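Enquirer: For reference, the chains in residue letters:
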Amino acid sequence: MGILRRNLTAYGFLCAALACFAVFAWYPMVREFVLSFQKTDLINPPEWVGLDNFTAAVQDPAFGEAWLNTVEFTLLALLCGYAVPFVVALVLNELRHARAYLRFVVYLPVMLPPIVAVLLFRWFYDPGPGLFNQVLGAVGLPPLAWLDSSSTALISLVLVSTWMNMGSATLIYLAALQNIPPELYEAAELDGAGILKRVRHVTIPQTRLILLLMLMLQIVATMQVFIEPYMLTGGGPENATVSVAYLMYQFAFSQMNYGQAGALGMMLMLALLVFAALQLRTTREDQA
Amino acid sequence: MQRSTGLLLVTVLGLAATACGSGEPASPSAGGAEAVTITVACQPAKSAPKERQAWDDDVATFMKNHPGVTVKSTDQQPCFDPKTFGPKMAGGQMETVFVVPVTNYADVIGKGQALDITPYTSTIKNWNDLRPDVRELVTKDGKVYGVPNVHYGVGLVYNRALFTKAGLDPNSPPATWAEVREAAKKIAALGQGYVGYGEYSGGNTGGWHFTQAIYGRGGSILTPDNTKAAFNSPEGKAVLQTLHDMRWVDNSMGNKLLVGWESLMMAMGSGKVGMMLGAPDVVTDVVNKFKGNVADYGITGFPEAKASLSGGEAFMINPKATPEEAKAGLAWLDFRFNTVGKGRFDFARGKALGNPVGVPDNDVYGDSPTGKAIQADRVKNASLPVENYEPYVRAAATIPPKAEPVHAQELYAILDVPMSGVLSRKDAGIDQLLADAETKANSLLAAKG
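The listed protein sequences derive, respectively, from chains B and W. Using our numbering, the letters of the first sequence correspond one by one to residues 1 to 288. Using our numbering, the letters of the second sequence correspond one by one to residues 1001 to 1449.
Some hints could be false.
[Said to hold, decoys possible] DSS-like, lysine-lysine: derived pairs with alpha carbons at most 27 Å apart:
id, chain 1, residue 1, chain 2, residue 2
1, W, K1083, B, K39
2, W, K1143, W, K1111
3, W, K1125, W, K1143
4, W, K1125, W, K1072
5, W, K1320, W, K1125
6, W, K1306, W, K1228
7, W, K1050, W, K1320
8, W, K1448, B, K39
9, B, K39, W, K1228
10, B, K39, W, K1140
11, W, K1186, W, K1165
12, W, K1072, W, K1291
13, W, K1342, W, K1050
14, W, K1306, W, K1342
15, W, K1380, W, K1289
16, B, K39, W, K1111
17, B, K39, W, K1320
18, W, K1342, W, K1125
19, B, K39, W, K1143
20, W, K1140, W, K1327
21, W, K1306, W, K1289
[What the hints assert, rightly or not] Simulated restraints on C-beta separations:
id, chain 1, residue 1, chain 2, residue 2, range
22, B, P46, W, G1191, 56 to 64 Å
23, W, A1045, B, T55, 57 to 65 Å
24, W, D1245, B, I115, 32 to 40 Å
25, B, Y27, W, S1443, 33 to 41 Å
26, B, V91, W, G1167, 56 to 64 Å
27, B, L280, W, D1245, 56 to 64 Å
28, B, L120, W, G1191, 22 to 30 Å
29, B, I115, W, S1443, 33 to 41 Å
30, B, L75, W, G1429, 23 to 31 Å
31, B, V139, W, A1352, 53 to 61 Å
32, B, V30, W, K1125, 31 to 39 Å
33, W, D1081, B, V30, 26 to 34 Å
Hint data in this document are derived by calculation from the structure and do not stem from the laboratory. The structure displayed is predicted, hence computed values, not measured ones. For each residue, glycine too, the CB sits at the ideal point set by N, CA and C.
Looking at chain B on its own, in the form it has when it is part of the complex (with noise of 0.2 Å):
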């Protein structure tokens, strides 16, 4: 009773964040499973349909083409997203002047709202009058279609993607960059490592775990794309930008197929607990 009494405020402060979750994030979900199996249109009363949903919305025709190219824009965002902020925070890291300066710079598309950047980007894309032409004209290349070609249209959606994210990222590496103890750069010196030799046998080990933490979580937000497709190319063209958060959106307030949306919903949060049990394993594994 005595430990229960002293630690009163903590189990109030418990409950609070337990409510937060149940009702925002734990009910949403039970309430989307129960829905993937059933046929509603939120009025009239819910029909069982067992694994009809799951049926329909794989046979839907552009099913197939939403997970591949979710799973490709995984991968070019990893290759951007991930590597990108990576460098930057080394270089920030090495700056001895304007530090503040640069890292408020390499921040500052985060604090835009994303759909001001997105829409900043559809200038940057313009296939007339756009930044990116204009630049590429004035060093004497051809113009490129950008978002208008099947084939440089989810390149486009991942540049702009990493632009508006790499700022977090590269604040989270930074932040571990300066955990490293000096002196272990300064023994690796001593004993003649040049930089990329300081990098791969001091940097990487030593953040070790925030990279591994990192793509993880770039990879459960990546493969949740939507606000780029969404608002730049509506799919297409071709469907070359349908991901599957995109088509989840589609069924559900397209066609009203509220269903088939959570059969979807569904299996995209399958494929990202593979990820976030491959993190909280990495994560364990590591504490040991």
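Take the given structure of chain B and dock chain W to it, following the hints.
Expert: Chain W only, in chain B's frame:
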């Protein structure tokens, strides 16, 4: 990217809303009659203060004329949003009287989301003057589920100022697709940034305009029994071939894919796009929302039209409304929307408020006595050059309307692909694009049963 993780949660929260009653319980009024409160959709937004004041004045007058009835307005813009429709209905937040576009009639009626108002049709003002084919669209199995409010067919919207600038006669707009191509070439030749003919290609708008175009050429999206795709046809190929040639041979369509409704409207409003498929409401929207110069726009009949995709909207009553609420809601519709010279048909007031009056954007009453009276009043109070719309009015009277296909949104998503294909790839194989879309559409139709 983590910002997008909220999508799932937001979606599910929206879907997880639970149903509850919509109407407030009736209580006796001071006079002893049953008091009733209704909510009505489509109040103009605060950003349009004059129109909003006119609406509020109508509400006040209506309540004065109908003691015991309280009207509460909602100003969600747009009035009908498919993203919020289901959750609003489920959450008991749907208005007693709400609007539904023609594209969603079948869906809303089929799902029991609208009240059967058959018993009340005899009391609806001018009901018999509404076009029979338009009334048919809100009727299922002999039961009526809505009061048609707006109806129009698709035509060719064009920029008269650009026609003049390009040496074309704005009073002789193109009547064939060959003439459309020639006019588009001349407009595009005006210089960089000029687009002869604008067209959609994504976000389901590409498929929507493909449907408009194939209907106009006499083709269909589905077979008559709605079990198979019918767009892989000479008419479908002609639609895509014309677009392909205008884009890549004539270079008259600009070099930007247009995704989403507002993209082409914005381009049209900029004054640098010569022509687009559209109904008369395009002119109203281009002028009101996208800063187009009203004198510049005209509309003519669909080139070589054999049929026209129906557009429009109807008011429907919340299925949870009590009989008293339903009657009060229909009385409101009569007062505000169905009376010549009153409410939305008070063109004199509209002109005084500075609204664009004169666009023939509503043919819901056809050439019935009510329709003729409305048209005469519209012309009498016109603030726009009505002669710019005469070619459309003449053509519209001769072109039969054609309803959207079943599973329209799913099919439009499929048809976005061939549309974006021909507009983004010079080497696009039209036969292959249509064959692929046909396979997908047939799979979809088979799965839907």
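Enquirer: All the hints need checking, so say for each whether the structure fits it.
Expert: Verification of the hints:
no., hint, result
1, W:K1083 with B:K39, "holds, 18 Å"
2, W:K1143 with W:K1111, "holds, 14 Å"
3, W:K1125 with W:K1143, "holds, 18 Å"
4, W:K1125 with W:K1072, "holds, 22 Å"
5, W:K1320 with W:K1125, "holds, 23 Å"
6, W:K1306 with W:K1228, "holds, 22 Å"
7, W:K1050 with W:K1320, "violated, 33 Å"
8, W:K1448 with B:K39, "holds, 13 Å"
9, B:K39 with W:K1228, "holds, 24 Å"
10, B:K39 with W:K1140, "holds, 22 Å"
11, W:K1186 with W:K1165, "holds, 9 Å"
12, W:K1072 with W:K1291, "violated, 31 Å"
13, W:K1342 with W:K1050, "holds, 16 Å"
14, W:K1306 with W:K1342, "violated, 35 Å"
15, W:K1380 with W:K1289, "holds, 25 Å"
16, B:K39 with W:K1111, "holds, 11 Å"
17, B:K39 with W:K1320, "holds, 21 Å"
18, W:K1342 with W:K1125, "holds, 13 Å"
19, B:K39 with W:K1143, "holds, 25 Å"
20, W:K1140 with W:K1327, "holds, 21 Å"
21, W:K1306 with W:K1289, "violated, 31 Å"
22, B:P46 with W:G1191: 56 to 64 Å, "holds, 58 Å"
23, W:A1045 with B:T55: 57 to 65 Å, "violated, 43 Å"
24, W:D1245 with B:I115: 32 to 40 Å, "holds, 36 Å"
25, B:Y27 with W:S1443: 33 to 41 Å, "holds, 35 Å"
26, B:V91 with W:G1167: 56 to 64 Å, "holds, 58 Å"
27, B:L280 with W:D1245: 56 to 64 Å, "holds, 57 Å"
28, B:L120 with W:G1191: 22 to 30 Å, "holds, 27 Å"
29, B:I115 with W:S1443: 33 to 41 Å, "holds, 35 Å"
30, B:L75 with W:G1429: 23 to 31 Å, "holds, 29 Å"
31, B:V139 with W:A1352: 53 to 61 Å, "holds, 58 Å"
32, B:V30 with W:K1125: 31 to 39 Å, "violated, 49 Å"
33, W:D1081 with B:V30: 26 to 34 Å, "holds, 27 Å"
This entry does not satisfy hints 7, 12, 14, 21, 23, 32, going by the numbered hints stated previously.
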